[in-house]
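Enquirer: Using the sequences and the accompanying hints, generate a full structural model.
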Amino acid sequence: MTQNIEEYEDIPGTWVFDAQRARKGYRLNEFLYSLMKAENRKEFLADERTYTSKFGMSDEQQNAVLNRHWNKLLELGGVSYALAKLAFTDGKSYQFMASQMTGMTEKEYVEMMVAGGRSPDGWRSKSERKGKD
Amino acid sequence: MAKIIAGVGTSHTPAIGAAIDNGKAGEPYWVPLFKGYEPAKKWMAETKPDVVIMVYNDHVNAFDFKIIPTFGLGCAEEFKIADEGWGARPVPVVKGYPELASHMIQSLVLDEFDMTIVNEMQVDHGLTTPMSLLFGQPKAWPCRVIPLAVNVIQYPAPTGNRCYMLGKAIKKAVEAWDEDLKVVIFGTGGMSHQIQGPRAGLVNSKFDKAFLDGLSNDPERLVKIPPLEYLRDAGAEAIELVMWLMMRGALGDKVEEVYRFYHVPASSTAVGTIILEARP
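These protein sequence lines are chains A and B, in that order. Just so you know, we're using numbering that gives the first Met the number 0 here: the first sequence kicks off at 0 and counts up by one. Just so you know, we're using numbering that gives the first Met the number 0 here: the second sequence kicks off at 0 and counts up by one.
Keep in mind that the hints were calculated from the coordinates and are not lab data. Note that beta-carbon positions come from the ideal geometry of N, C-alpha and C, so glycine has one too. Mixed in with the good hints, there may be bad ones.
A short list of chain A residues far from chain B (calculated; beta carbon distances all over 12 Å) [to be verified]:
1. Asn28
2. Tyr32
3. Glu42
4. Glu47
5. Arg48
6. Asp58
7. Gln61
8. Leu65
9. Ser79
10. Lys91
11. Gln99
12. Asp120
13. Lys129
14. Gly130
Computed from the model, here is a short list of chain A residues facing chain B with C-beta under 10 Å [to be verified]:
15. Arg20
16. Arg67
17. Met96
18. Gly102
19. Ala114
20. Ser118
Expert: Structure (structure tokens):
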């Protein structure tokens, strides 16, 4: 059962964290992992650029971190659970981070979830999505 | 002889643990969820297992990306609670069962499941949220816990079929342990959800209900679901449901469904729980 990368890429609005993306995101994710420690969170918040420079990630990844460009971070190999540590460091929640990724306000996002969530209809493949954004 | 008497499938959404820890369980948003778990908690209090085997996934807490075990079995005396980025949850330390876990390693590896032995690890919400949901807020957990961490973060995750087969091997291993023990196995995570990208918030209740039905009546159908179908139809993080199939595999052919509950949402997640008792 081999999985074609093209099939992952065909899911709209989603960056599947496969082995190639994980490889690209390794340094970025190691930075995010470091935020599990309270002293590291403090050091990061005191001087984000200096702290992030220690991890050897690309400039593009570093800028996306500094600007909290969540979807860019996913594209560049960040994995959502590690990215959540950045959100927590900012005093935000998973829910806040997810709402940012969808372009909604947190309130709009919560309302969508309480109303039953996002229907998979129209979101299964890029061809199904075509013309809907 | 030790015996797996029942399986519990449950979501492990971190926001549920946070709601419990922060005294928010009585808020209107959370009331229906916790009410739905009350009968499951009651069942657990009456069942009083000696050991829980907790099939869950770590969320970049015990394991960063230096080493990613597909199946990691916790063999330690105890497992401390991870600080996931907002401080460790105020829940009791988890006591393991190294003798039984080591016996399981012996049995599973010879049964051709290449387990990773984990002698030290912290446990995160994937394990502690289900404990809180089913056991409440005791000063110490009332049973020992053997954590079985599955990689469902970096794709590909193990297939549903592989997890199901490993569940069967776990049943065999536990039954070969010469001590009268009541064991309950948990399969955690899911149900439909996606917490990344513009498609975040996806919920597919039809998929989830069919999955719960299948666990009860037709697991052989579920084990054939291809990985991509979970992603497309039920969200990128719904692949966690393969862990429920490990639980189901460990129960043998016949089960009786004694409880089921389904609720949307907890944060970004469709929450489900099911209790299946093994029958001869």
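Enquirer: Verify that the Cβ of A/Asn28 lies farther than 12 Å from every Cβ atom of chain B, and report whether the claim holds or is violated.
Expert: violated (5 Å)
Enquirer: Taking the shortest Cβ-to-Cβ distance between A/Ser79 and chain B, state whether it exceeds 12 Å.
Expert: violated (4 Å)
Enquirer: Hint A/Arg20 vs chain B: min CB-CB distance below 10 Å?
Expert: holds (9 Å)
Enquirer: Checking a non-interface call: every C-beta of chain B should be farther than 12 Å from the C-beta of A/Leu65. Is that right?
Expert: Nearest chain B Cβ is 18 Å from A/Leu65, so the label holds.
Enquirer: Please confirm whether A/Lys91 is truly not at the interface, meaning its C-beta sits more than 12 Å away from all C-beta atoms of chain B.
Expert: violated (10 Å)
Enquirer: Please verify that the nearest CB of chain B lies beyond 12 Å from A/Arg48's CB.
Expert: holds (20 Å)
Enquirer: Determine whether the non-interface label on A/Gln61 survives the test: each CB of chain B must be over 12 Å from its CB.
Expert: holds (18 Å)
Enquirer: Test the statement that A/Glu47 is away from the interface with chain B: the closest C-beta pair must be farther apart than 12 Å.
Expert: holds (16 Å)
Enquirer: Taking the closest pair, is the beta carbon of A/Lys129 still more than 12 Å from chain B?
Expert: holds (15 Å)
Enquirer: Given A/Arg67 as an interface hint, is its Cβ closer than 10 Å to any Cβ of chain B?
Expert: Status violated, d = 14 Å.
Enquirer: Please verify that hint: A/Met96, Cβ, nearest Cβ of chain B, below 10 Å or not.
Expert: holds (8 Å)
Enquirer: Against chain B, is A/Ala114 within 10 Å by beta-carbon distance?
Expert: holds (9 Å)
The earlier numbered hints that this structure contradicts are 1, 2, 9, 10, 11, 12, 16.
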